[in-house]
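J.: Sequence:
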Amino acid sequence: MRILLGGLLTSLVLWALPVHGQVSDAQIVALVEALRLAAPTTTTEEDGLYSPWKIKPSNIPRWSRLCIGEELTPEQFVADLTKARHILVCVMEDVLRREYPLSDNDEALAVRRAAAWWVAGDPSLYNAGEIALYTRKVLDLYQNLRAYPGDFVPNREANK
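Residues in the sequence shown are numbered from 855 upward in steps of one, following the numbering used here.
Careful, some of the hints might be misleading.
[Said to hold, decoys possible] Lysine to aspartate or glutamate pairs mimicking DMTMM-like chemistry, simulated, CA-CA at most 25 angstroms apart: (1) K908 x E925; (2) K991 x D879; (3) K908 x E924; (4) K910 x D934; (5) K910 x D976; (6) K910 x E924; (7) K991 x D976; (8) K908 x D879; (9) K910 x D994; (10) K910 x D948; (11) K937 x E984; (12) K937 x E947; (13) K910 x E929; (14) K991 x E925; (15) K937 x D948; (16) K991 x E947; (17) K991 x D948; (18) K910 x E925; (19) K910 x D960; (20) K937 x D879; (21) K937 x D958; (22) K937 x D960; (23) K937 x E925; (24) K908 x D958; (25) K910 x D958; (26) K991 x D958; (27) K991 x E924; (28) K908 x D994; (29) K991 x D960; (30) K908 x E929.
Hints were generated in silico from the structure; no laboratory data involved.
Based on the sequences and whatever the hints tell you, model everything.
T.: What follows is the structure, given as structure tokens:
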């Protein structure tokens, strides 16, 4: 009986405590969209990067295999933006969840660190040189998307 009461009391205490560092689906979707909106408007021929998110082709097979169990080519990735978005939400969910505690549960800092990981592969560079400009841009876009979620249109023609 004591074990049952102890377990119940522990559950109630844990339930009542504020949860720090939790990442919602809306936050992840906003981050992925902010990364897309912050991407340069170049062509694959100019930069060698694929999709509206400007992804290195070497990442696409690995990320798609990890997230959907199917290895996509860069061309397949670009051809299905819904599948691409799903894969990127999967990837960035892991990144954002990892960056939250490393940012002392500061959402803005976690987003900037995730954006630095995205662009440079190193979240600690979020405040360095040109990367700092990029991470601030991503954060601004992210905050706007979070403040006005109804304005999000995933397949806008202008951003393809």
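J.: Would you mind marking each hint as holding or not holding in the structure?
T.: Checked hints:
1. K908 x E925: holds (18 angstroms)
2. K991 x D879: holds (21 angstroms)
3. K908 x E924: holds (20 angstroms)
4. K910 x D934: holds (17 angstroms)
5. K910 x D976: With Cα atoms ~15 angstroms apart, K910 and D976 stay inside 25 angstroms; holds.
6. K910 x E924: Status holds; Cα separation ~18 angstroms.
7. K991 x D976: holds (17 angstroms)
8. K908 x D879: Satisfied, since the Cα-Cα distance of roughly 22 angstroms is no more than 25 angstroms.
9. K910 x D994: holds (24 angstroms)
10. K910 x D948: holds (19 angstroms)
11. K937 x E984: violated (30 angstroms)
12. K937 x E947: holds (15 angstroms)
13. K910 x E929: holds (12 angstroms)
14. K991 x E925: Judged against 25 angstroms, a Cα distance of about 31 angstroms means the pair is violated.
15. K937 x D948: holds (17 angstroms)
16. K991 x E947: holds (19 angstroms)
17. K991 x D948: OK: K991 and D948 at ~21 angstroms, within 25 angstroms.
18. K910 x E925: holds (15 angstroms)
19. K910 x D960: violated (29 angstroms)
20. K937 x D879: holds (16 angstroms)
21. K937 x D958: violated (32 angstroms)
22. K937 x D960: Answer violated: K937 to D960 is near 30 angstroms, above 25 angstroms.
23. K937 x E925: Roughly 12 angstroms between the alpha carbons, so the hint for K937 and E925 holds.
24. K908 x D958: Answer violated: K908 to D958 is near 29 angstroms, above 25 angstroms.
25. K910 x D958: Judged against 25 angstroms, a Cα distance of about 30 angstroms means the pair is violated.
26. K991 x D958: Holds - the C-alpha atoms of D958 and K991 are around 21 angstroms apart, at most 25 angstroms.
27. K991 x E924: violated (32 angstroms)
28. K908 x D994: holds (19 angstroms)
29. K991 x D960: Roughly 17 angstroms separates the two Cα atoms, so the pair holds.
30. K908 x E929: holds (13 angstroms)
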